[in-house]
Every structure is written in structure tokens, then in C-alpha cells.
Amino acid sequence: MSSIQTDPTLVGTPAGGGRPRRQRDRYAYQNTAIALGLVAVLVTAIIGVQIGTSGATFVNVLETFWGKITGVVPTDRAVLQVQTVIWELRVPRVLLAIFGGAALAVAGTLFQGLLRNPLVSPYTLGIAPAAAFGASLAIVIFGATAGSATISLVIGALLFSFLNTALVLSLASTRNLNPTSLILVGIALSQLFGALTACIQYFAEDEILAAIVRWTWGSVNNSAWYQVLVLLVLLGITFPYIRFRSGALNAIAFAGDDSAKTLGVAVSRVRLESIAIAATLTAVTIAFTGIIGFVGLVAPHIARLVVGSNHRFLTTFSAIIGALLLVVSDAVGRLVISPGVIPVGIIDALVGAPIFLYLILTRQKAIE
Amino acid sequence: MTLTIDSLVVGYGKREVVKGATLDVSKGELVGLLGSNGSGKSTLIKTIAGINRHTRGTITWNGGTDLANLPRRELAKIVAYVPQSIGLSFALDIKEAVLLGRTPYFGTKPRDEDWQHVEAAMRLLGLDELGDRNVTELSGGQGQRVLIARALAQDPEILLLDEPTSALDIRYQWQTLSVAREVTRKNNVAGVIAIHDLNQAARFTDRVVFLHDGEVIGDGRPADVYSPELIKRVYGVDVEISTYKGFAQVHPLSERAEHLLRTPPVAPAYTPVFAEARLELHA
Ligand SMILES: Nc1ncnc2c1ncn2[C@@H]1O[C@H](COP(=O)(O)OP(=O)(O)OP(=O)(O)O)[C@@H](O)[C@H]1O
Ligand SMILES: [Mg+2]
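Read top to bottom, the protein sequences are chains A and B.
The opening position of the first sequence corresponds to residue 1 in my numbering, with each subsequent residue numbered one higher.
The opening position of the second sequence corresponds to residue 1001 in my numbering, with each subsequent residue numbered one higher.
Be aware that one or more of the hints could be misleading.
Said to hold, decoys possible - Lysine to any residue pairs mimicking SDA-like chemistry, simulated, CA-CA at most 25 angstroms apart: (1) B:Lys1109 x A:Glu273; (2) B:Lys1109 x A:Gly256; (3) B:Lys1109 x A:Ala33; (4) B:Lys1027 x B:Arg1072; (5) B:Lys1077 x B:Ile1051; (6) A:Lys68 x A:Gly55; (7) B:Lys1109 x A:Leu272; (8) B:Lys1077 x B:Asp1112; (9) B:Lys1109 x A:Asn31; (10) B:Lys1109 x A:Arg116; (11) B:Lys1014 x A:Asn178; (12) B:Lys1232 x B:Asp1219; (13) B:Lys1109 x A:Phe356; (14) B:Lys1077 x A:Arg269; (15) B:Lys1109 x A:Asp257; (16) B:Lys1186 x B:Arg1207; (17) B:Lys1109 x A:Leu36; (18) B:Lys1014 x A:Thr174.
Unchecked claim - Per the computed footprint, the stretches of chain B lying under chain A, defined by three or more beta-carbons under 8 angstroms from a beta-carbon of chain A, are: (19) 1077–1084; (20) 1099–1106.
Said to hold, decoys possible - If we take Cβ atoms under 10 angstroms as the criterion, some of the chain B residues that face chain A in the derived model are: (21) Arg1056; (22) Pro1071; (23) Lys1095; (24) Ala1151; (25) Leu1160.
Derived by calculation from the structure, the hints in this document are not laboratory data.
Think of the CB as a built atom: it goes at the ideal place given N, C-alpha and C, for glycine as much as any other residue.
Working from the sequences, and respecting the hints, build out all of it.
Rendered as C-alpha cells:
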């Protein structure tokens, strides 16, 4: 047990005195972890692009990118075909997994911190059931297989995700956006949209029903370049804001609303803006992929176990873990029953759960 | 050079909780805020800290600065607040927890100066000896010391403490109050401490202010203010007041409790209720 030093000579010198320790390397570990994580994402991405029914070598991948940069189109038909598969199917697929995983993980981190609750996921406020309802509605209206189905699905899911978020925020703002109200309103709306989707499913024909269920599994099978670009732009815009707010997020997450206010943080404003961002990241991602569970809940925890809880590093590292989790899961999903594909939303839970358990249990040991 | 609170009215919804409180606190002075449960101590402190908004009255610093109209970040550089308790949801190491106190001063990245404040505050509260432990692994008292260190790292001119000693054993109560005492004196900070223990208030504060139903009904040196009448009015308790080493000390009187203490225990007899219950069981 330590004792408080009440030596008067120490009290008068809040800023000076004592050994001047260099704090610069205090975060060396976190920075290294982030650098290594980025390398890992790159490596798994390159491997992920090579996996598939028509094999592609590392050289093929390099040639494809070189060709895109220089604008040279290969004359050999076989080479052209391989390059088309890589560029039109594999690369957007892998990139959608990376950016989608990153977006869901960042959203999860934000929600957990802002609501001060480790059990919260990007779906806690009801975005997933709302998106599912929007997508189901689109499937019913436009048919399960129509050519325009994909874009109408995206729009349907987005529309209802945003409607849901607007409802949650405006209802909870009557209670000052306090975490409990937000979660309760989210639960209520989840139930509501869940019931509405169930109604559709109850009356739908088999084909429609199958399409709805397929959507809710969540996959990157229908990836397209525009989706990758939209997510990239979205992450590019929001990430600087999230980093800029890391101090405020720390104060809200670790000191609580009242104390955060006395630390100079505009709590309601930061919470509103950050929830809007997290909800947008979630909504856009699942509009493209369907509901990919688990990653948004667990990536932040895995990241926390590795780099600690400081949001300055946590959001970045969560994004890396989320990206890794989905890229690896998608690769595994394409390998196990090749040429069939298991949706990434199923695999990520199968791959992620053991990793998560391992980390929790080994960490527990370290404490005891 | 004072914190001046004038005719302050604060309420929750329509209900007024602080009803026109007036008091001032000079730099270097520690003022004890006393009053029964629900008398409005925490509400008053939170209003000075900028958590609650007041409906009437003024809070000024150094004669001119209207604290209520200061931007949050600027207010946070003047006023630090130690809450009554803290709930923790995520593990954070002690140093990071104290670093939160520097939030109003740095952007994304703490500077060397910020770390110096953190280390000085940790040393002052004996936290450096707890190492890199997580705040979730600390006892209530250790956690309380982290909160106080966080407030000191904030380098405030006004320090508000809301019952900082409630969770502490007598040694840490003593040491925490000593730290509050010394920080206010040596760093020339205006201190306000809500505290329930009248005797400790008498020993560690320069002045006490009694809050009763949202109004100030006593203000002055403990030895001058403490009286059986005032304490009866605030707490509804009869007391006797003595002096110990020059400090006023309060002793509650309870003839009934003293009588019971002197009464030896007697063997319990069957009461009719018990007897009837027995009969029913056998029937
Ligand atoms: N957030 C709130 N909403 C509504 N009423 C509140 C709120 N906080 C406190 N009150 C009420 O205001 C009154 C004063 O409460 P306050 O917490 O200021 O008392 P206190 O003097 O700090 O009491 P204690 O000694 O128990 O800490 C109480 O009647 C309480 O019920
Ligand atoms: Mg109180």
C-alpha cells in the first residue's frame, strides 16, 4: 500500500520538479502495433485477391495494377481475362471487406465509448433491423432477381437506416441523449422494424423469402467498385474528425458525462456528431453488404486488449482488426466449399469467436 | 481574487433546489460545504463546475469573469471538479486516467508539459507507487485518489470536491483532506469541499457554509458557526460542542442510545405473536 506524500515542498511545484521522464516513447508500442497491423492488412489483401476458382498468381495481380496505372491493355485474351477477374471481381471484393470491416469496427468503437457500454454494437440503435426492413421492402417491390435489384436494395436499406437513426436521435434528445435512453429507444425501434420485416416474410413467396434471408446473412459477393469508392470517401472524411475528437471521446467514455463537461467537452454535441458518423458508416456498409454481425462488437474489444483503451489509438487499431477479420473471413469462406462461397457474415463469427475467447481467457490469466 | 456566488437559483425542471445562495471563496481558502442529504450541496457544486445551468444569480471569478458564460474549455482551465463517485466500464491505466485532466489543454497529442502535470499530480497522491495498474483493479479509495489527481492535473484555480472522502478509510480521509488543504493554500487555489463529517470540516477547512433547503444559513469559521441550535435546525439532532486543540468538535446526544448501552441484554421471552405462530404450525 502506498502513502500520499504530503511533504509541503512537493505541493508547490505542480509542473516542475521530479525526474523529467521522456514520454515520447510511451506510445511506441501502440504505434508499432498499428504499423504492423497495416502491413498485415496489405499482405492478407494480396493473398485474398489471389484466392478464387480461376487461380491468379502474385505476378498476375502486379501486372493488373501496373496495367491500370499505365493504361496498357494486354493483347493476350487469357491474360486479359485473368486481369478482368482480378480487377472487376477480386479487388473490389477484398477492398469492400477491408473498408466494410474497418467501418463497422470504427462504428462499434464509437458506440461503445459514447454509450459507455462494452456490450453495445453498431446495431444496438436498431440500424440493422431497419436496413433489413428497407431491403425486404425493395425486394418485394422490385423482385428478387431484377437487374435493378442491387441498387434498389442499397437505397431501401439506406433509407430506413437513416430514418431509424433520425428517430433514435430525435427521441433520445428529449432526454439529453443520455446513454440509457439511446439504448432503450434503439431496442424499441429494433423490435418494431424486426416485426415489420417478419410481417413481410410471413406473407412473402418462397423466392422473395429466400432473397430476404440471403440479404440478412451479409456478404461481399455483390461488391462493386462504386461501393468501395463510397466507403473510401466516407472513411476518408470521417476519420480525421474521429481522431480530432479522440480526447473528447476519452473524456466521455472514461470520466462520464458530468466530468467530461468539466474537462471542457461539449458532451451532447460530440455525442450527436459521433453517433451520426457511426450510424452513417454502419448504414452505408450494410446497405452494400447486408448484415455482417460480430465484427462491430468484437473488433473494438480485440483492439482494446492489444493497444489499450485510449481512443487516439483504439479507433485506428479497431479499424485494422475489423478489416483483417473480414478479409480473412471472406478468404476462408471462398476456400472451404470452393467453388461455393460461404457468406462472410457467417465466417467472421466462426473465425472471430475463438480468437476473441482466446484473448479474453489469456488476458484473464495475466491478471490473476 | 475570489469566487463570488450571488443569489444563485438552480432547479431541476420546475423544482428549485438551490434557492438564492450567496457565498464567496478566496484564493488559498478551503471552504467546507455542509448540509443534510438533499440540501443542494452537489447541485451547487455542479453549477459552479458548469454541469448544471442556473436560472438566476451570478457566478463570478476575480470580480469580472462570468464563469457561466465562459466557453467550456476555458472554464475547464479554471475550475476542476471531483465527483462524488465514478462508474467504470473500460480498463484504463492510472496514468491515462489522470491524463484526462489535461483534456482542456491539448488537442490530440499530449505535450511534455501535460505529462509533467500528470506526474506531479500522481506523485502528490501517491499514485506513482501503484504503477501501471488499471483503474478497474483499484479499491474505492484508490479510485478516489485517481479522480483527485485528475483534478489537480487540470491545474485549476478553483477546486471543487464533492464528498471526496466518503469511500476512504480514516488514513486516506486524513491524507486526502490534507492534500486538499495544502493544494488550496500552497497553489493559491480557491477550494470548495462538500463534506458530511462536521469534525473533519472543523479541522481542515478555513470556513464552513451551511446549506439548508437550498439556502445558506450559516457562514464563518467553524468555531464561530457551529452551535447546537444551528445543527439542530440543519440535521434535527441534539449536540454538544467542545473544543479539542482549538478545533470545534460536535458530539451528538442521544440519551436513549446511552441508556440502552448501559442496559445488559436479557434473555428473550416468547411474545404472544410467536406463540400463536407456533400453535398454528402444530395445528
Ligand atoms: N438530476 C436530478 N434531477 C432531479 N432532481 C435532482 C437531481 N439531482 C438532485 N436532485 C434533487 O435535488 C435535491 C438536492 O440534491 P443534491 O444532490 O444537490 O443534494 P446534496 O446536498 O448533495 O445531498 P447528499 O448529501 O445526499 O449528497 C434533492 O432533493 C435531489 O432529489
Ligand atoms: Mg451530494
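Here is what the structure says about each hint:
1. Restraint check for lysine 1109 (chain B) and glutamate 273 (chain A): satisfied, since their Cα atoms lie roughly 21 angstroms apart, inside the 25 angstroms limit.
2. Restraint check for lysine 1109 (chain B) and glycine 256 (chain A): the C-alpha separation of about 21 angstroms stays at or below 25 angstroms, so the hint holds.
3. For the suggested pair lysine 1109 (chain B) and alanine 33 (chain A), the alpha carbons sit about 18 angstroms apart, so the restraint of at most 25 angstroms is met.
4. A C-alpha spacing of about 21 angstroms is found between lysine 1027 (chain B) and arginine 1072 (chain B), which places the hinted pair at or below 25 angstroms, so the restraint holds.
5. Restraint check for lysine 1077 (chain B) and isoleucine 1051 (chain B): satisfied, since their Cα atoms lie roughly 15 angstroms apart, inside the 25 angstroms limit.
6. In summary, the hint linking lysine 68 (chain A) to glycine 55 (chain A) is supported, as the alpha carbons are separated by about 20 angstroms, within the 25 angstroms threshold.
7. Proposed proximity of lysine 1109 (chain B) and leucine 272 (chain A) is supported: the alpha carbons are some 23 angstroms apart, at most 25 angstroms.
8. Straight-line distance between C-alpha atoms of lysine 1077 (chain B) and aspartate 1112 (chain B) comes to about 18 angstroms, which keeps the hinted pair within the 25 angstroms bound.
9. Proximity of lysine 1109 (chain B) to asparagine 31 (chain A) is assessed by CA-CA distance (about 13 angstroms); at most 25 angstroms being required, the pair is judged to hold.
10. Taking the CA atoms of lysine 1109 (chain B) and arginine 116 (chain A), the gap is near 22 angstroms; set against the 25 angstroms cutoff, the hint holds.
11. A hinted pair counts as satisfied when its Cα atoms are at most 25 angstroms apart, and lysine 1014 (chain B) with asparagine 178 (chain A) qualifies at roughly 20 angstroms.
12. Distance restraint check for lysine 1232 (chain B) and aspartate 1219 (chain B): the Cα-Cα separation of roughly 16 angstroms lies within the 25 angstroms cut-off, and the hinted pair is therefore satisfied.
13. Using a Cα cut-off of 25 angstroms, the hinted pair lysine 1109 (chain B) and phenylalanine 356 (chain A) is violated, with the two alpha carbons roughly 30 angstroms apart.
14. Taking the CA atoms of lysine 1077 (chain B) and arginine 269 (chain A), the gap is near 20 angstroms; set against the 25 angstroms cutoff, the hint holds.
15. Of the supplied pair hints, the one linking lysine 1109 (chain B) and aspartate 257 (chain A) holds, its CA atoms being roughly 22 angstroms apart against a limit of 25 angstroms.
16. A threshold of 25 angstroms between alpha carbons decides the hint, and for lysine 1186 (chain B) with arginine 1207 (chain B) the separation of about 17 angstroms falls inside it, so the pair holds.
17. For the proposed pair lysine 1109 (chain B) and leucine 36 (chain A), the alpha carbon gap of about 21 angstroms is at most 25 angstroms, so the pair holds.
18. Simply put, lysine 1014 (chain B) and threonine 174 (chain A) have alpha-carbon atoms about 16 angstroms apart, close enough for the 25 angstroms limit, and the pair holds.
19. Residues of the region 1077–1084 of chain B with a Cβ under 8 angstroms from some Cβ of chain A number 5, which satisfies the need for three, so the listed coverage holds.
20. Check result for the region 1099–1106 of chain B against chain A: holds, 5 residues qualifying (beta carbon to beta carbon below 8 angstroms, three or more required).
21. A cut of 10 angstroms between beta carbons decides the hint on arginine 1056 (chain B): the least distance to chain A is about 21 angstroms, and the hint is violated.
22. The closest approach between the C-beta of proline 1071 (chain B) and any C-beta of chain A is roughly 8 angstroms, which is under the 10 angstroms cut-off, so the hint is satisfied.
23. Because the smallest distance between the Cβ of lysine 1095 (chain B) and any Cβ of chain A comes to about 8 angstroms, under 10 angstroms, the interface hint for this residue holds.
24. Look at alanine 1151 (chain B): its Cβ gets to within about 9 angstroms of chain A, closer than 10 angstroms, so that hint holds up.
25. About 8 angstroms separates the beta-carbon of leucine 1160 (chain B) from the nearest beta-carbon of chain A, less than 10 angstroms, and the hint is met.
Of the numbered hints listed earlier, those contradicted by the structure are 13 and 21.
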